[in-house]
Amino acid sequence: MNRIDQRFAALKAQGRRALIPYITAGDPAPQYTVAFMHALVRAGADVIELGVPFSDPMADGPVIQKACERALKHQVRLSHLFEMVREFRQDDAETPVVLMGYLNPVERIGLEAFADQAREAGVDGVLIVDMPPEEADILGPTLKARGLASIFLVAPTTSRARAATICAHGEGYLYYVSLKGVTGGATPDADDVAEHLAPLRELTDLPLCVGFGIRDGASAAEVGRVADGVIVGSALVSRIAENADDPEAIPAALEAVLGEMRQALDA
Amino acid sequence: MSKFSDLTRLPDARGHFGPYGGRFVSETLSFALEDLEKTYLSLRDDPDFQAEFDYDLAHYVGRPSPLYHAERWSKQLGGAQVWLKREDLNHTGAHKVNNTIGQALLAKKSGKPRVIAETGAGQHGVATATVAARLGLECEVYMGAEDVERQKLNVYRMRLLGANVIPVESGTRTLKDAMNEALRDWVTNVDNTFYIIGTVAGPHPYPMLVRDFNAVVGREARWQSVEEFGRLPDALIACVGGGSNAMGLFYPFVEDDEVVMYGVEAGGDGVASGRHAAPLASNAPRGVLHGTRTYLMSDEGGQVSDTHSISAGLDYPGVGPEHALWKDVGRVNYVAADDDAVLEAFRELTHVEGIMPALESAHALAYAKVLAPTMRPDQHIVVNLSGRGDKDILTVAKLDGIDI
Numbered sequence: 001m002n003r004i005d006q007r008f009a010a011l012k013a014q015g016r017r018a019l020i021p022y023i024t025a026g027d028p029a030p031q032y033t034v035a036f037m038h039a040l041v042r043a044g045a046d047v048i049e050l051g052v053p054f055s056d057p058m059a060d061g062p063v064i065q066k067a068c069e070r071a072l073k074h075q076v077r078l079s080h081l082f083e084m085v086r087e088f089r090q091d092d093a094e095t096p097v098v099l100m101g102y103l104n105p106v107e108r109i110g111l112e113a114f115a116d117q118a119r120e121a122g123v124d125g126v127l128i129v130d131m132p133p134e135e136a137d138i139l140g141p142t143l144k145a146r147g148l149a150s151i152f153l154v155a156p157t158t159s160r161a162r163a164a165t166i167c168a169h170g171e172g173y174l175y176y177v178s179l180k181g182v183t184g185g186a187t188p189d190a191d192d193v194a195e196h197l198a199p200l201r202e203l204t205d206l207p208l209c210v211g212f213g214i215r216d217g218a219s220a221a222e223v224g225r226v227a228d229g230v231i232v233g234s235a236l237v238s239r240i241a242e243n244a245d246d247p248e249a250i251p252a253a254l255e256a257v258l259g260e261m262r263q264a265l266d267a
Numbered sequence: 001m002s003k004f005s006d007l008t009r010l011p012d013a014r015g016h017f018g019p020y021g022g023r024f025v026s027e028t029l030s031f032a033l034e035d036l037e038k039t040y041l042s043l044r045d046d047p048d049f050q051a052e053f054d055y056d057l058a059h060y061v062g063r064p065s066p067l068y069h070a071e072r073w074s075k076q077l078g079g080a081q082v083w084l085k086r087e088d089l090n091h092t093g094a095h096k097v098n099n100t101i102g103q104a105l106l107a108k109k110s111g112k113p114r115v116i117a118e119t120g121a122g123q124h125g126v127a128t129a130t131v132a133a134r135l136g137l138e139c140e141v142y143m144g145a146e147d148v149e150r151q152k153l154n155v156y157r158m159r160l161l162g163a164n165v166i167p168v169e170s171g172t173r174t175l176k177d178a179m180n181e182a183l184r185d186w187v188t189n190v191d192n193t194f195y196i197i198g199t200v201a202g203p204h205p206y207p208m209l210v211r212d213f214n215a216v217v218g219r220e221a222r223w224q225s226v227e228e229f230g231r232l233p234d235a236l237i238a239c240v241g242g243g244s245n246a247m248g249l250f251y252p253f254v255e256d257d258e259v260v261m262y263g264v265e266a267g268g269d270g271v272a273s274g275r276h277a278a279p280l281a282s283n284a285p286r287g288v289l290h291g292t293r294t295y296l297m298s299d300e301g302g303q304v305s306d307t308h309s310i311s312a313g314l315d316y317p318g319v320g321p322e323h324a325l326w327k328d329v330g331r332v333n334y335v336a337a338d339d340d341a342v343l344e345a346f347r348e349l350t351h352v353e354g355i356m357p358a359l360e361s362a363h364a365l366a367y368a369k370v371l372a373p374t375m376r377p378d379q380h381i382v383v384n385l386s387g388r389g390d391k392d393i394l395t396v397a398k399l400d401g402i403d404i
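Chains as they are written, first to last, in UniProt numbering: chain V, 1 to 267; chain A, 1 to 404.
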């Protein structure tokens, strides 16, 4: 059983919601990322989404665009991400790690090479933002053969027919994008989210996690009422940006933000 | 029977041109693209829609555009006869308007009150702002901050037309970043906004519909060639950035095996220098950007490369997916012209024929200078003069050390 499935099974047994932080690997510099990942786990992370920096992050708002730019100043590549995950795994064999990014860096190193190296490093799932299920036949089977979960997005604009396709392809969890827009947008409305999640529950047993616009304990708790997990990215990446000149202060800042969400979610 | 007949049946149902094309977008946009595809497919063969499109092309754009025999220049080059397809004479001064007229009609049919566009040299932005003004649509144009600087005339032109021009400061501050920002806008405002993409790139169905709207150029060139010199041309030449003007000219000739085609990319400082915008001519790796798989200039880590060209309109690291396939199957030869050769061609046509080409189009002319002397005087080349050069006067003056 994949670490992601194990974690969600355990959470379900405990009646708890998953807390899934996102950070961009290599931001503000590659030597800090592993320490940040451990800080996120200390603050209560159930799954870590590790962003693969890309020169053209079309689905991201300004906060994550700038994170990519900071990381790319250090020429951070997938090979560095695999090293980071390998190092993280030396001290943490349990927390699932999902790589999240855009297709081009993956295609450039080759799909098989990517999947082999990801598995070997200790990655558990892959979410390619610009690869909807219709285009996923090139990568999906390659990941599956290595026990890596293909995670997909569902949006408020997704039709029922498409949702069925996505649910048929999805593994690990479904990432419901709570609003029309880029990452770091407005806080989602829980009732609206609930309305969109209900039909998905009929289509799949996958855990439904909600991201985009969750910034603090209150918004996490609100969305946690209706979802199986909450995903938080820009709120954390903002803390990294604010402390980019003093990276030693970042782990505590991340723990403070995520810890508040954990408490609110478990309350 | 043409050995290229299969090419006319593309894209397939998923928007693929062989291994290229497709719809690589985040989930929020999938719905809008499916919707656009449905709208377009229902209207494509609708005689009323076509009649409306044709009427606008005739009476608003001023089509057909002439096929002009550049007799004096041909003599000077000493070889084939060079004919210029005068897209520079269209309303707004370039081929871009063929596509914006078509997409604006689609926007009108879909009832969306707001249009957005990306632009490089500003020609597509101007063409979009123009049709938006005519239809009373709100219009925002994303333009790289560097391009806003080097294309000041077009920026002001768009503002006069009532469009809001938004300078994009992210990334390399050029066309690709403008397209990123336009996609971010669209994903946020997808309910009320129609995205008018300016080239044969982007996610399916854009490469198909932009091709179809521009194919009027090649259809006219076919009958005009027969009328002027009694047969089809021996060669076609067009510049290629994203590739919409080349696609428009080439597509109706794709099954005419005897017509040799040349797509001319931006060679910048020379393909060997690495400072260029020629993904096909430099045999760049395959990759995915802006929703489509194609030849894409990127580094070993998969980060999209900075490009360089004297012409903002060709300064793009990718290329339309159909061109990528045409390179692989050998239907079109893709070559590059570097900045120096382009400027020389720009000056030469202006002096010899009294026609000032856009710097983009001057890439095609630069290759005509290479090709024509290798052919006989009884052979014919059609060059797509895709736009006029007024917008580039400041750029050229600056290179001459003149501050206007």
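In short, the hints are calculated from the structure, not lab data.
Any given hint could turn out to be false.
Calculated lysine to any residue pairs in the SDA-like style (CA-CA distance at most 20 Å, straight line) [said to hold, decoys possible]:
1. A/K75 - A/H351
2. V/K144 - V/T204
3. V/K66 - A/R114
4. V/K73 - A/F49
5. V/K12 - V/K144
6. V/K73 - A/Q303
7. A/K109 - A/F49
8. A/K38 - V/K66
9. A/K75 - A/Q379
10. A/K109 - A/D45
11. V/K66 - A/T172
12. V/K73 - A/D299
13. A/K108 - A/D191
14. V/K66 - A/Q303
15. V/K66 - A/N192
16. V/K180 - A/S305
17. A/K38 - V/T157
18. A/K112 - V/T157
19. V/K180 - A/K75
20. A/K109 - A/Q50
21. V/K66 - A/L10
22. V/K66 - A/D35
23. V/K180 - A/N192
Estimated spans, in silico, between C-beta atoms of each pair [claimed, not checked]:
24. V/E112 - A/K398: 48 to 54 Å
25. V/E69 - A/P113: 57 to 63 Å
26. V/D116 - A/G162: 32 to 38 Å
27. V/D192 - A/L232: 54 to 60 Å
28. V/A218 - A/T8: 53 to 59 Å
29. V/A10 - A/G162: 54 to 60 Å
30. A/G270 - V/D192: 53 to 59 Å
Just a sample of chain A residues kept apart from chain V, beta carbon distances all over 10 Å, derived [said to hold, decoys possible]:
31. V25
32. E34
33. L43
34. D46
35. Q76
36. S110
37. E149
38. D191
39. V226
40. G274
Every residue, glycine too, gets a C-beta built ideally from N, C-alpha and C.
Hints versus structure:
1. A/K75 - A/H351: Roughly 14 Å between the alpha carbons, so the hint for A/K75 and A/H351 holds.
2. V/K144 - V/T204: With Cα atoms ~18 Å apart, V/K144 and V/T204 stay inside 20 Å; holds.
3. V/K66 - A/R114: violated, 28 Å
4. V/K73 - A/F49: violated, 50 Å
5. V/K12 - V/K144: Not satisfied, since the Cα-Cα distance of roughly 24 Å exceeds 20 Å.
6. V/K73 - A/Q303: holds, 12 Å
7. A/K109 - A/F49: Cα-Cα ~10 Å, so holds.
8. A/K38 - V/K66: Judged against 20 Å, a Cα distance of about 36 Å means the pair is violated.
9. A/K75 - A/Q379: Within the cut-off at roughly 13 Å; holds.
10. A/K109 - A/D45: Cα-Cα ~15 Å, so holds.
11. V/K66 - A/T172: Answer holds: V/K66 to A/T172 is near 13 Å, not above 20 Å.
12. V/K73 - A/D299: Holds, at roughly 14 Å.
13. A/K108 - A/D191: Answer holds: A/K108 to A/D191 is near 14 Å, not above 20 Å.
14. V/K66 - A/Q303: holds, 15 Å
15. V/K66 - A/N192: Violated: V/K66 and A/N192 sit about 28 Å apart, past 20 Å.
16. V/K180 - A/S305: violated, 29 Å
17. A/K38 - V/T157: holds, 16 Å
18. A/K112 - V/T157: Cα-Cα ~16 Å, so holds.
19. V/K180 - A/K75: Measuring from Cα to Cα gives roughly 59 Å; hence the hint is violated.
20. A/K109 - A/Q50: holds, 13 Å
21. V/K66 - A/L10: At roughly 39 Å apart (the allowed maximum being 20 Å), A/L10 and V/K66 break the hint.
22. V/K66 - A/D35: It is violated: about 32 Å lies between the C-alpha atoms, which goes past 20 Å.
23. V/K180 - A/N192: Holds, at roughly 12 Å.
24. V/E112 - A/K398: 48 to 54 Å: holds, 49 Å
25. V/E69 - A/P113: 57 to 63 Å: 34 Å Cβ-Cβ, so the 57 to 63 Å window is violated.
26. V/D116 - A/G162: 32 to 38 Å: Since V/D116 and A/G162 have Cβ atoms about 55 Å apart, the given range 32 to 38 Å is violated.
27. V/D192 - A/L232: 54 to 60 Å: holds, 59 Å
28. V/A218 - A/T8: 53 to 59 Å: At 58 Å between Cβs, range holds.
29. V/A10 - A/G162: 54 to 60 Å: holds, 58 Å
30. A/G270 - V/D192: 53 to 59 Å: holds, 55 Å
31. V25: violated, 6 Å
32. E34: Since the minimum Cβ distance to chain V is about 8 Å, A/E34 lies within 10 Å and the statement is violated.
33. L43: Holds, since 21 Å exceeds 10 Å.
34. D46: A/D46 is indeed farther than 10 Å from all Cβ atoms of chain V, at 24 Å.
35. Q76: Label holds. Min Cβ-Cβ 44 Å, cutoff 10 Å.
36. S110: holds, 15 Å
37. E149: Per Cβ check, A/E149 is outside 10 Å of chain V; nearest 21 Å; holds.
38. D191: violated, 7 Å
39. V226: Non-interface label on A/V226 holds, nearest chain V Cβ at 42 Å vs cutoff 10 Å.
40. G274: Per Cβ check, A/G274 is outside 10 Å of chain V; nearest 17 Å; holds.
Violated hints, listed in ascending order, are 3, 4, 5, 8, 15, 16, 19, 21, 22, 25, 26, 31, 32, 38; each of the other numbered hints is respected by the structure.
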